[in-house]
Structure formats: structure tokens, C-alpha cells
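Number of protein chains: 6
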Amino acid sequence: MNEPVVVRNVEQPPTEAVAALEKFGVTTVHEAQGRCGLLASYVRPIFSGSCIAGPAVTVSLPPGDNLMIHVAVEVCRPGNILVVAPTSPCTDGYFGELLATSLRAHGVKGLVIDAGCRDIRPLTEMKFPVWSRAIHSQGTVKSTLGSVNIPVVCAGALVEAGDVMVADDDGVVVVRRTAALDVAAAAEQRTRKENATRERLASGELGLDIYGLRKKLNELGLKYI
Amino acid sequence: MNEPVVVRNVEQPPTEAVAALEKFGVTTVHEAQGRCGLLASYVRPIFSGSCIAGPAVTVSLPPGDNLMIHVAVEVCRPGNILVVAPTSPCTDGYFGELLATSLRAHGVKGLVIDAGCRDIRPLTEMKFPVWSRAIHSQGTVKSTLGSVNIPVVCAGALVEAGDVMVADDDGVVVVRRTAALDVAAAAEQRTRKENATRERLASGELGLDIYGLRKKLNELGLKYI
Amino acid sequence: MNEPVVVRNVEQPPTEAVAALEKFGVTTVHEAQGRCGLLASYVRPIFSGSCIAGPAVTVSLPPGDNLMIHVAVEVCRPGNILVVAPTSPCTDGYFGELLATSLRAHGVKGLVIDAGCRDIRPLTEMKFPVWSRAIHSQGTVKSTLGSVNIPVVCAGALVEAGDVMVADDDGVVVVRRTAALDVAAAAEQRTRKENATRERLASGELGLDIYGLRKKLNELGLKYI
Amino acid sequence: MNEPVVVRNVEQPPTEAVAALEKFGVTTVHEAQGRCGLLASYVRPIFSGSCIAGPAVTVSLPPGDNLMIHVAVEVCRPGNILVVAPTSPCTDGYFGELLATSLRAHGVKGLVIDAGCRDIRPLTEMKFPVWSRAIHSQGTVKSTLGSVNIPVVCAGALVEAGDVMVADDDGVVVVRRTAALDVAAAAEQRTRKENATRERLASGELGLDIYGLRKKLNELGLKYI
Amino acid sequence: MNEPVVVRNVEQPPTEAVAALEKFGVTTVHEAQGRCGLLASYVRPIFSGSCIAGPAVTVSLPPGDNLMIHVAVEVCRPGNILVVAPTSPCTDGYFGELLATSLRAHGVKGLVIDAGCRDIRPLTEMKFPVWSRAIHSQGTVKSTLGSVNIPVVCAGALVEAGDVMVADDDGVVVVRRTAALDVAAAAEQRTRKENATRERLASGELGLDIYGLRKKLNELGLKYI
Amino acid sequence: MNEPVVVRNVEQPPTEAVAALEKFGVTTVHEAQGRCGLLASYVRPIFSGSCIAGPAVTVSLPPGDNLMIHVAVEVCRPGNILVVAPTSPCTDGYFGELLATSLRAHGVKGLVIDAGCRDIRPLTEMKFPVWSRAIHSQGTVKSTLGSVNIPVVCAGALVEAGDVMVADDDGVVVVRRTAALDVAAAAEQRTRKENATRERLASGELGLDIYGLRKKLNELGLKYI
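Heads up: the sequence lines are chains G, X, S, E, A and D, in that order.
Add 142 to a position in the first sequence, counting from 1, and you land on the number used in my numbering.
Add 142 to a position in the second sequence, counting from 1, and you land on the number used in my numbering.
Add 142 to a position in the third sequence, counting from 1, and you land on the number used in my numbering.
Add 142 to a position in the fourth sequence, counting from 1, and you land on the number used in my numbering.
Add 142 to a position in the fifth sequence, counting from 1, and you land on the number used in my numbering.
Add 142 to a position in the sixth sequence, counting from 1, and you land on the number used in my numbering.
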């Protein structure tokens with residue numbers, strides 16, 4: 143019912159959509175797509191300041207076993223983001239500098255993993271961005287199969303191969319492949335609107351007036367004393 | 143029993159007390175006032191290196207609804223610190239860059255929130271300091287009333303409007319408005335004493351001798367082997 | 143059954159082993175000694191970028207009482223690392239800038255503590271590295287005895303006085319004193335091997351081929367589709 | 143600023159209000175008073191099936207030190223509930239069977255403690271109800287002062303001496319002393335209303351119709367497919 | 143991109159498969175389907191001793207708002223299990239005795255909720271089984287739409303309407319609707335095999351011999367000393 | 143440095159000491175031996191009401207792999223308690239009803255495991271007591287070696303083979319084999335003293351008087367107001 147497989151060919155999202163989503167970042171994209179697809183907030187960047195987007199290569203693997211990450215490297219394309227989800231909660235350090243070297247050689251932009259990561263200093267020095275659940279030196283074995291490019295639940299969010307991952311200091315959000323262009327357009331619109339609002343707020347105008355909230359406060363019965 | 147209200151006029155603490163407390167930082171202030179008023183340690187700065195103090199504007203609001211933060215902006219004065227406490231545990235991202243822009247336009251120094259924050263990168267770039275319980279892109283709505291400038295329990299500590307909040311890399315502490323001058327004086331005294339001790343310790347003298355602990359160790363029966 | 147004692151003379155590990163372990167860092171050392179001795183991953187550095195190794199001076203003390211840290215300073219030697227373990231879970235701020243000043247005056251390299259730390263900013267400025275379970279301003283008293291240089295369980299790992307602590311951005315690992323030379327040799331060997339692998343991975347070769355995993359995948363029945 | 147005191151005389155809430163609140167239980171009381179006063183949900187009963195209400199005797203004490211619980215026994219009156227809050231997070235076992243024996247001898251109904259409890263089996267056998275944050279054998283000392291019957295923050299809620307504590311399998315809620323009669327009346331009203339609703343729901347009527355929600359769903363744009 | 147919808151007609155799994163799965167319980171079913179579909183272990187029963195199985199009615203709803211549970215009741219069929227997943231982490235008490243009365247009137251067997259539950263005592267008395275993430279009196283509002291019978295991620299597992307939920311003291315597992323018959327057959331087979339093994343183990347035979355592990359231990363190099 | 147071994151012959155503690163310790167329970171034993179040896183409080187019984195004591199058979203094993211529990215059964219003696227500690231944090235369900243059947247057939251009294259357990263209902267019905275860190279259906283494999291009867295750190299406490307484990311509703315404590323008789327005697331003495339105190343407290347006498355604390359309160363400066 144659950145045979146280990148590697149899906150080689152994954153339909154990719156439009157390049158221009160990925161580029162746009164990377165520009166907008168996690169919070170704007172999350173809002174623009176109607177507040178869905180956010181990964182649990184325990185997944186945090188190992189260093190701050192990165193913002194990347196790319197199509198997901200998904201990996202489902204057992205706790206404490208990173209064999210399938212090695213398998214996945216071969217099917218990664220330039221610009222991809224690796225998304226790794228153990229089948230049981232695990233904080234072991236599945237990933238370090240050597241795997242990052244290998245992924246970078248194949249053009250992979252970064253890693254999102256619902257487990258542990260190690261080699262924090264060399265990863266920081268080589269600026270390979272990782273979003274992980276834990277920092278943990280505890281290594282893994284290479285014994286048991288899992289699958290590549292099947293749908294996985296990563297940090298509470300469903301991710302399918304080819305979906306666009308967006309990751310920055312706010313966390314990680316997934317955008318369905320087929321929705322990527324629409325979400326990019328909605329994010330563009332939201333950003334334009336926010337730019338206008340930002341200027342008004344910076345000049346001292348109140349959100350209460352800009353968003354027309356005073357009437358509502360009155361109806362709801364707020365008292366000033 | 144719990145009508146939503148906004149208290150407009152809040153008695154402010156002495157300006158010189160606030161300035162002094164900001165200079166001493168959280169740990170010294172916490173010690174100086176007899177080890178009370180510390181917020182739970184899960185409230186952490188979104189970036190390191192800030193140290194601020196200012197009178198609290200308090201906000202009590204429902205989970206997942208930031209309407210009252212917009213209401214609170216209007217009653218903030220330059221130098222204030224906004225203190226936000228949901229009535230039920232919540233890690234949603236109540237606060238981001240636009241609200242920070244608005245607060246800054248009104249002279250607010252920073253935010254302490256027992257919930258989530260988002261837009262970490264722009265907030266870091268604009269150097270608007272936030273102490274929060276979580277980093278979370280998940281947004282909120284603007285539907286339900288709460289109150290401004292009533293007493294709140296924020297991260298386990300009671301905060302009343304006009305109390306002085308002190309926040310730095312060690313966390314956040316609240317000083318009662320009426321005690322601010324006394325606490326500042328006690329902190330001054332403690333710092334002077336610590337400066338003297340620091341010099342002696344740096345020269346290699348032992349705390350055992352400086353604090354006169356050897357006799358106590360002996361009475362308690364410590365054995366050296 | 144549990145009398146408080148201070149053990150003055152602790153056998154030290156070979157100096158060259160300590161120097162080598164410091165060079166290799168936590169993850170390499172942890173692998174080289176067969177994946178044992180890792181402290182729980184909740185012990186994190188208060189600032190990033192440090193990598194130290196040194197013989198442990200161990201402190202077992204009560205919750206909320208740092209008297210024994212003051213006692214321990216006197217038996218520390220240059221190059222030591224202080225390892226502090228409360229006898230009951232505690233996140234109080236046992237340690238701050240003054241104690242760091244004292245430890246530095248006696249040549250101690252850093253602190254590993256299964257409890258809280260405070261004075262984060264001054265500790266960062268003086269570059270005194272600390273790995274702690276929490277950041278917490280809450281201070282401690284100096285009332286009750288504990289022991290120095292007895293075996294302790296710190297963050298889930300057994301540490302004996304004179305064992306070598308290695309600590310960096312990946313966490314903390316303990317190496318038995320008598321095994322230090324062997325572990326350093328094994329780490330040297332592992333590093334050499336990894337350097338060779340790194341070059342091949344960087345050139346685009348796959349781990350599947352370098353580690354000879356393809357046959358195993360086939361035997362285990364992995365399907366490509 | 144924080145002198146240890148014991149307040150002997152505490153104004154008590156009306157007896158009939160306490161009796162009524164005990165009958166209604168935590169959730170009804172919490173709703174009836176406008177959803178405030180709930181303690182954090184990590185405070186759980188050590189055995190299930192109890193429901194008690196009574197005026198609070200509050201205890202503020204240091205981590206790992208239960209001296210002030212012994213002090214508090216003397217000022218308890220029959221029907222009181224002891225509310226214990228450490229000044230720093232602590233899971234030590236402050237309380238066990240002997241203290242329960244003493245409290246019962248003075249008519250105290252139960253204990254709410256934002257820390258640990260031990261002797262679970264004898265406490266269960268003698269049916270002395272405790273709501274605690276942890277179960278932990280780790281004992282405490284009797285060395286340091288705290289205060290009795292001052293305002294405390296217990297599990298995130300402000301409790302003043304004489305406030306009514308209500309505790310059952312749902313958790314713990316505090317009712318201000320002066321509001322107790324009004325809250326009891328509101329709870330009575332809510333219960334009557336719920337009884338009517340229960341009957342309609344049990345007969346198969348839908349909440350959508352009973353609460354008149356269909357129009358709202360329509361306005362909000364819910365689609366059935 | 144995320145319009146709120148209610149899907150009325152959901153294909154149901156074979157009745158005999160549901161009955162079989164209920165008989166086998168969570169752990170056997172989880173094993174029989176190849177160790178997938180398990181919900182996170184933080185979802186626990188509010189009382190022990192229940193074991194139920196039934197087709198899922200799924201509810202996706204906002205934090206702190208239970209409007210959609212009321213909507214869902216109308217589309218439930220006898221034998222269903224309600225599966226509720228907030229779009230953001232939330233421990234509020236979405237569910238209590240009145241909703242249970244309503245669900246029971248429509249034949250619903252129980253509830254699985256990745257959030258809080260309240261009214262524990264009446265729910266226990268009426269034996270309505272709930273698996274929840276928290277017990278929390280904090281109530282919710284009825285303001286915002288969500289969806290019914292769309293795919294949801296509940297406690298880390300993907301659940302689609304019509305999938306079979308199995309829940310007992312071990313936790314909760316989801317079985318794809320189309321796999322239900324096969325999984326029931328595999329569970330039957332596993333149980334038969336375990337019954338045989340149990341007898342041999344009860345008579346003192348060792349698992350080492352029954353599972354033929356001694357050769358493996360030898361090959362792996364285990365030493366007896 | 144870490145070769146997998148099974149130590150067959152383990153020196154056992156005096157039978158009468160084990161029997162006595164079982165009678166006194168965890169909290170009394172923990173106090174009697176000077177407050178050491180307590181396991182972390184996250185290890186909880188899967189059902190309440192058990193109190194057992196017995197010599198430890200220790201198992202050190204990898205995350206997600208229970209091969210070594212099968213190995214350990216063979217070296218267990220009647221009256222032993224199995225103590226299982228993974229080398230990396232893990233909540234998988236290593237243990238269920240079949241293993242319990244096997245252990246019982248060899249006279250083992252119960253299990254303490256710093257990981258997950260499953261089959262809660264059958265284990266409860268057969269009254270086989272387990273203290274575990276989690277309840278989790280997720281199974282394990284039987285692939286990798288570990289060791290039996292070497293010293294392990296279980297839930298933060300050092301346990302050596304032949305040490306006496308005591309476990310009840312308060313948690314789990316370990317008593318060194320060589321100290322068992324002394325600790326049993328100290329527990330006997332403590333119990334006698336507590337029995338006398340209990341009677342006085344039950345009659346309404348205050349702890350303040352029984353323990354002679356009034357003078358101390360006075361010296362420390364407690365004020366009654």
C-alpha cells in the first residue's frame with residue numbers, strides 16, 4: 143500500500159511565477175493565497191537573512207535514516223528546493239555540509255526539513271540556507287527506503303512535488319504548482335496596496351481611518367473613558 | 143463584567159526614571175526591584191542588541207484578532223512601549239511591518255507581545271524592536287473588541303498602563319509606575335557595587351572571599367578531598 | 143549517601159588531544175567516537191560562531207542556588223570548561239557577566255549549563271561563550287551546598303571531571319578523558335575521508351555512487367517511475 | 143519594594159455565591175463572566191472527577207522552597223482553596239500527603255499550584271483534589287520567605303486573596319470576589335438557556351436553526367456543492 | 143484560491159471494512175497499512191477505554207471560531223466521525239457537551255480535533271469519545287467561514303472526507319477510503335499471526351528464536367560477555 | 143569505542159532491600175537517599191495505581207529500532223525491571239503487548255522507557271505496568287545493534303544494571319545497588335517519623351509548630367498584617 147518509489151519527472155511551475163514569489167517573501171505570499179499552506183512555526187532558518195523560492199522535490203523517509211536524501215539528489219534540477227519529511231517525529235541531524243555541497247553542485251537552492259540539521263557553522267559560511275525543526279549533531283544511518291516526489295506532510299502542511307516553496311526569516315509557505323501564477327499576481331496587487339498604505343501610516347495617519355474601522359468600533363460598542 | 147474600553151489618559155512615570163532604567167537593562171532592574179516583574183522567558187527579541195524602556199500602553203485582545211492594536215495606536219504617546227496580551231494562548235502573527243511603521247510615526251519605541259510577530263526581515267531592517275512569543279506568518283482578523291490601557295497579564299506578569307517596561311537581550315521586566323524612581327535609584331546603587339566587584343574579580347580575587355562565603359561553606363559542612 | 147564534596151585534583155586529558163578535538167568540532171567528534179556523549183539539543187549557544195574544547199570542571203547544585211559555581215572557580219585551571227547541572231529542572235539565570243569575569247581571570251574558556259543564563263549582551267561583548275538551556279534574568283541565591291568535580295548528568299549526558307567538552311554551533315559533546323587521544327585520531331581520519339568526498343561531491347558526483355548505494359537500493363526494491 | 147508579608151484578614155465572598163459557582167463548574171462560570179480569569183491549560187487535576195469552589199488564600203514563594211505553604215495553613219479558613227505561585231518557573235514537588243492532611247484538618251477544600259505535586263496515590267486515596275503543573279517527586283526546602291494573601295499571577299491569571307477559585311476536570315477559573323454574586327446569577331441564566339437548547343439539539347434540531355446562523359452563512363458567501 | 147465550501151455528498155467506505163477496522167484498533171491498522179496515516183501523538187483521548195472507527199467528515203476552520211462545526215452537523219451521517227483542523231495552531235475549547243448532544247442526535251460516533259475540548263465531565267458521563275490536543279475552557283466565536291469535507295491536515299496527517307478514522311487509547315490513524323478493504327484484510331492476517339506468536343511468547347519461547355534473529359545478531363557482531 | 147555488548151551476569155541487590163523499597167514508593171525513597179536518582183518527570187505511567195521495584199536490566203538502543211529489547215529478554219531474571227534508553231530522542235512505540243507477554247513469561251515486573259509505548263488497552267487489561275515518555279502507535283524496526291546491561295542515561299538519570307528501580311504514580315527513581323539496604327533503612331526511618339507527624343497534623347497542629355519554624359520566620363523578618 144506504500145511501496146517505496148522515486149518519481150523522476152515532475153511538472154514544474156512557471157519560472158516567472160517562482161521568481162515573483164521569491165521577491166514577495168513568505169508573509170505576503172501566505173496572505174495573497176488566502177492564508178493557507180503555512181508550515182508550522184517550529185521550522186526555523188539556521189541563519190537569518192535568506193529568502194528563496196523554488197519548486198519542491200519531496201522526500202518521505204524513516205526516522206533516523208537519510209538514505210533517501212542521497213537518492214533525491216539525482217532527480218533534483220537547478221532551482222529546486224528539497225523538502226524532507228520523516229514518517230515519525232525525529233530531531234536527528236539528517237543533513238550537513240557534505241550533502242549541501244552535493245545539492246549545490248546540482249543547483250539546489252536550499253532545504254526545508256521537518257527534522258534536525260547539523261554542521262551549522264560550515265553551512266553558514268557557504269551560505270546554504272536550511273529551515274529545520276532542530277539543530278542536532280546526532281547522525282543518521284543509510285538503511286531503509288522511503289520515497290521521492292510523492293505527496294508529503296511537512297511540518298503540518300501538505301507538499302506535492304513541483305509545488306513552489308517560499309522560505310525566509312518568517313518561516314516557510316507552500317504554493318500549489320497550478321496556483322503559482324495567480325498567487326504571484328495577487329501578491330503583486332497586495333504589495334502595491336501595502337506600499338500606498340505604508341506611506342500614509344508613515345505620515346502619521348491612523349489605521350482606524352485608512353481601513354475605515356471607526357464605524358465598526360462604534361457599532362460593536364467600544365467605550366472611550 | 144468585562145466591557146471593552148479604551149482608557150485615554152494614563153498617568154506617566156517620571157521621565158528621568160525611564161531614562162535611568164533604560165540605561166541599566168533588564169537583569170539589573172529586575173534585581174534592583176527585588177526580583178519581581180519578570181515576563182516569562184519564552185518572550186524573546188526578534189533581533190538582538192536592542193535595549194529600550196518606556197511607559198506601557200496595554201492591549202487586551204482576543205486570539206487571532208488585532209483590531210485593538212489599531213485602536214491603541216491613537217492613544218500612544220512618544221516614548222511608549224506597546225504591550226499586547228491575548229485573552230487565550232495564541233501564536234498568530236498579530237504584528238508586522240505596517241503596524242511598526244504606524245507606531246514609529248507616533249513615536250512608539252517598541253512592542254512586547256505574548257503572541258506571534260511576522261515581517262521579521264523588514265522589522266530588522268527598520269530596527270523596530272519586538273519581543274514576541276513566536277515568529278509566525280499566520281495573520282489575524284479585525285473583528286472583535288478588546289480593551290486598551292486596562293491591567294493585563296502578559297507572559298505571566300501583571301502590567302498596568304503607565305508601568306515602565308524594560309526590554310533587552312535578557313528578556314522583559316515591568317516596573318510599577320510609582321516605584322520607577324526608587325527602582326532606578328536601587329539599580330544605580332547595585333551597578334556601582336557591581337563595578338567595584340567586577341574589578342576585583344577581573345584581577346583574580348575569588349567570589350568566595352569577596353562575598354565572605356568561606357565561613358558559610360564550613361558551617362554547612364562542605365568537604366574538600 | 144550524597145555528601146557535598148569538592149574534589150580538588152582532577153586528572154587532565156592530554157593537551158594535544160584537547161587541541162585536536164577543538165579543531166574538529168562537535169559533529170565530527172561525535173561521529174568519530176561512535177555517536178555517543180551528545181548533550182540534549184535544547185542546550186544552545188547564547189551567541190553563534192564559537193568553537194571550544196577543554197577538560198570539564200563539573201558542578202552539581204540545587205535549583206535556584208549558584209553558591210557552588212563560586213566554589214568551583216577556585217579549582218578551575220586555565221583551559222577548563224565549567225559544566226553545571228542542577229539536581230532538579232531549573233531555568234533560572236545562574237550565571238552572568240560577573241561570574242564570567244571571574245572565570246576568565248582564571249583562564250576558563252566557557253560554560254555549559256543545563257539551566258538559564260543572563261547578561262547576554264555583556265557576555266556577547268566580552269565574547270565569553272555559554273551554552274545554556276534558557277535565557278532568563280531570574281537570579282539565584284547562595285544558600286545550599288552541592289558538589290564540585292563529581293560525575294553529573296548534564297542535559298542527558300554523563301560528564302565526569304576531566305572529560306573533554308567540545309562545544310560549537312551544533313551543540314555540545316563530551317569525550318571520556320581516557321578516550322580523548324583515540325577519538326582525536328579517529329576524527330582526524332574521518333576529516334581526511336570527508337575532505338576527499340567533499341571534492342567529489344562538489345564536482346557533481348553523486349553520493350549514491352561514492353558510497354556505492356545503488357546495489358542496496360536495488361536489493362531493497364526501490365522503484366523509479 | 144517587595145517585603146514578605148502575611149495578610150491575616152481577607153474579606154470573603156458571599157457564601158451563596160461560592161456554592162452556586164461550585165455547582166456550575168469552570169466552563170459555565172468562565173463563559174458567564176465574559177471569558178476572563180481562566181488559568182493556563184497546563185494546570186491539570188491529579189485525578190479526575192472533582193469540582194470545587196472556594197475563596198482563595200494566595201501564596202507567593204520562591205522556586206524550590208515550600209516554607210510559605212506551612213505559614214499559609216494558619217490563616218486558612220474552612221472552605222478556602224490554597225493558590226500557590228512560585229516567583230520563577232518551577233516543577234518541584236512542593237506539596238504532598240502530609241500538607242494535604244494538615245490543610246484538610248483546617249477545612250481547606252483543595253490546592254491549585256503552578257508547580258509540581260507528589261504523593262499522587264495517597265492524595266487520590268484521601269480524595270484531596272489538587273490542580274498542578276507537574277507531577278514530580280523532587281522535594282523542596284524550607285529556607286526563604288515569600289508572602290501570603292498578596293495578589294499573585296498563577297498560571298497566567300491574576301488571583302487576589304478572597305477571589306473565588308472554581309476548579310474541575312476542565313481546569314481552573316478565578317472570579318473576582320466582588321463579582322461573585324453577579325457571575326453566579328449570569329451562570330444560572332446561561333445554564334437555563336443551555337438546558338433549553340440541549341433538549342432541542344437532542345431531538346435532532348440543528349444549531350444552524352436554533353442560533354439563526356443560516357442568514358449569516360449566506361451573507362458570508364458559503365457555497366454548498 | 144480557497145473559497146469556503148461545504149461538500150454535501152461524500153463517497154462512503156464499505157461498511158464491513160469500517161466494522162473490521164474498529165475491531166482491530168489503531169496500532170494493528172497502522173501496521174497493516176504499512177505504517178502511514180498516524181496522527182501526531184499529542185492528540186489524546188479525553189477519557190480512556192474507547193475504540194471507534196468511521197468515515198470522516200472533515201472541517202477546516204479558523205483559530206478560535208467554531209461556526210463550521212455547526213455547519214458540519216447537517217452533513218453528517220450515522221456512523222461518521224468528525225475531524226476538525228484549525229488553519230492555525232489553536233488550543234481553544236471549540237467543542238463541548240451541547241455540540242456532542244447534537245452530533246449524537248445525528249448518529250455521529252465521536253470527534254477528532256487538532257485543538258481544545260471542554261466540558262470533560264459531562265462528555266465522560268455521556269460517553270461521547272473525543273481525541274483532542276488540549277483540554278481548555280476557553281470558548282470560541284461563530285463569525286468566520288471555513289470549509290466542510292475538503293482535504294485537511296489534522297495533527298500532521300492528511301485526511302479526506304470519507305477516509306476511515308480509527309481511534310483508541312493508542313491514538314488516531316486514518317485509512318484511505320479506497321484502501322479500507324485491503325487494510326482490513328491485512329489487519330486480519332496480522333492479527334492471526336500475532337495470536338500464534340503470543341501463545342509461543344506466553345509459554346516462554348524467545349522472540350530471538352521465533353523471529354529467527356540470532357543469525358543476524360551474530361553477523362552484526364554482537365558480543366556476549 | 144562503543145562496541146555493542148550484552149553483559150550476561152549482573153550482580154543483584156539484596157532481595158529484602160528490593161521488597162522494602164517497593165513498599166515505600168518513589169517519593170519516600172527519593173527523599174531517603176538524599177534527593178538523587180529521580181528520572182525526568184516526563185516519564186509517566188500508562189495507567190495509574192501501580193507501585194513496583196526491582197533490579198534493572200538496562201538496554202541502550204538506536205532511535206526507532208527495538209532489536210535489543212528482544213535480546214534483553216533472554217538475560218532477564220524474575221523480578222527484574224527493564225530500563226530502555228534510546229541513544230537519540232525518540233517517541234516511537236518500541237513496546238507493546240507481545241513484548242509484555244514475553245517479559246511476563248520470564249517474570250519481569252515492568253518497563254521504564256525513555257521513548258514511546260503502544261497497545262495501551264491490552265497492556266492495561268493484562269496489568270503490565272509501563273512508564274514511558276509517550277504513547278505512540280508508530281512501530282520500530284529490528285535492524286541495528288545496541289547494548290544490554292551497560293550503564294545508560296534514562297530520562298536524565300544514570301542507571302546501571304542491577305540498580306534498583308522504584309516506580310509508581312509519582313514517577314521513577316533509581317537506587318544504586320550497593321546503597322539499596324541503607325536507603326531502605328533510611329526510608330523506614332523517614333516513614334516512621336512521617337507517621338507520627340501525620341497524626342499531629344490530622345489533629346490540627348500546625349507544621350509551623352511541629353517543625354519549629356516560628357523562630358526562623360521571625361529572624362527572616364516575616365511581617366503579619
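No lab work stands behind these hints: they were computed from the structure.
Glycine included, each C-beta is placed from N, C-alpha and C at the ideal position.
Worth double-checking, as some hints may not be accurate.
[As the list claims (entries may be wrong)] Under 10 Å between C-beta atoms, here's a sample of chain G residues computed to sit facing chain X:
1) Ala162
2) Thr169
3) Thr170
4) Glu173
5) Pro264
6) Glu267
7) Asp310
8) Gly313
9) Arg340
[Stated by the list, open to error] Straight-line Cα separation of at most 30 Å, DSBU-like style, residue types lysine-lysine; simulated pairs:
10) X:Lys357 <-> D:Lys284
11) D:Lys284 <-> X:Lys365
12) G:Lys365 <-> E:Lys165
13) S:Lys358 <-> G:Lys284
14) A:Lys269 <-> S:Lys357
15) D:Lys284 <-> S:Lys357
[Said to hold, decoys possible] Here are the computed distance ranges between Cβ atoms for each label pair:
16) A:Ala338 <-> E:Ser190: 36 to 42 Å
17) D:Glu145 <-> G:Thr157: 50 to 56 Å
18) X:Leu323 <-> A:Met268: 36 to 42 Å
19) E:Glu158 <-> D:Tyr366: 27 to 33 Å
20) X:Tyr366 <-> D:Arg150: 53 to 59 Å
21) X:Arg356 <-> D:Ala327: 32 to 38 Å
22) A:Arg334 <-> S:Tyr184: 29 to 35 Å
23) G:Ala344 <-> E:Glu347: 22 to 28 Å
24) X:Ser190 <-> E:Ser190: 54 to 60 Å
25) A:Gln331 <-> D:Thr266: 22 to 28 Å
26) D:Ala327 <-> E:Arg332: 33 to 39 Å
Comparing the hints with the structure gives:
| no. | hint | verdict |
| --- | --- | --- |
| 1 | Ala162 | violated (17 Å) |
| 2 | Thr169 | holds (4 Å) |
| 3 | Thr170 | holds (9 Å) |
| 4 | Glu173 | holds (6 Å) |
| 5 | Pro264 | violated (22 Å) |
| 6 | Glu267 | violated (20 Å) |
| 7 | Asp310 | holds (6 Å) |
| 8 | Gly313 | holds (5 Å) |
| 9 | Arg340 | holds (5 Å) |
| 10 | X:Lys357 <-> D:Lys284 | violated (58 Å) |
| 11 | D:Lys284 <-> X:Lys365 | violated (49 Å) |
| 12 | G:Lys365 <-> E:Lys165 | violated (34 Å) |
| 13 | S:Lys358 <-> G:Lys284 | holds (10 Å) |
| 14 | A:Lys269 <-> S:Lys357 | violated (55 Å) |
| 15 | D:Lys284 <-> S:Lys357 | holds (21 Å) |
| 16 | A:Ala338 <-> E:Ser190: 36 to 42 Å | holds (39 Å) |
| 17 | D:Glu145 <-> G:Thr157: 50 to 56 Å | holds (53 Å) |
| 18 | X:Leu323 <-> A:Met268: 36 to 42 Å | violated (59 Å) |
| 19 | E:Glu158 <-> D:Tyr366: 27 to 33 Å | holds (30 Å) |
| 20 | X:Tyr366 <-> D:Arg150: 53 to 59 Å | violated (41 Å) |
| 21 | X:Arg356 <-> D:Ala327: 32 to 38 Å | holds (35 Å) |
| 22 | A:Arg334 <-> S:Tyr184: 29 to 35 Å | violated (44 Å) |
| 23 | G:Ala344 <-> E:Glu347: 22 to 28 Å | violated (53 Å) |
| 24 | X:Ser190 <-> E:Ser190: 54 to 60 Å | violated (45 Å) |
| 25 | A:Gln331 <-> D:Thr266: 22 to 28 Å | holds (26 Å) |
| 26 | D:Ala327 <-> E:Arg332: 33 to 39 Å | violated (58 Å) |
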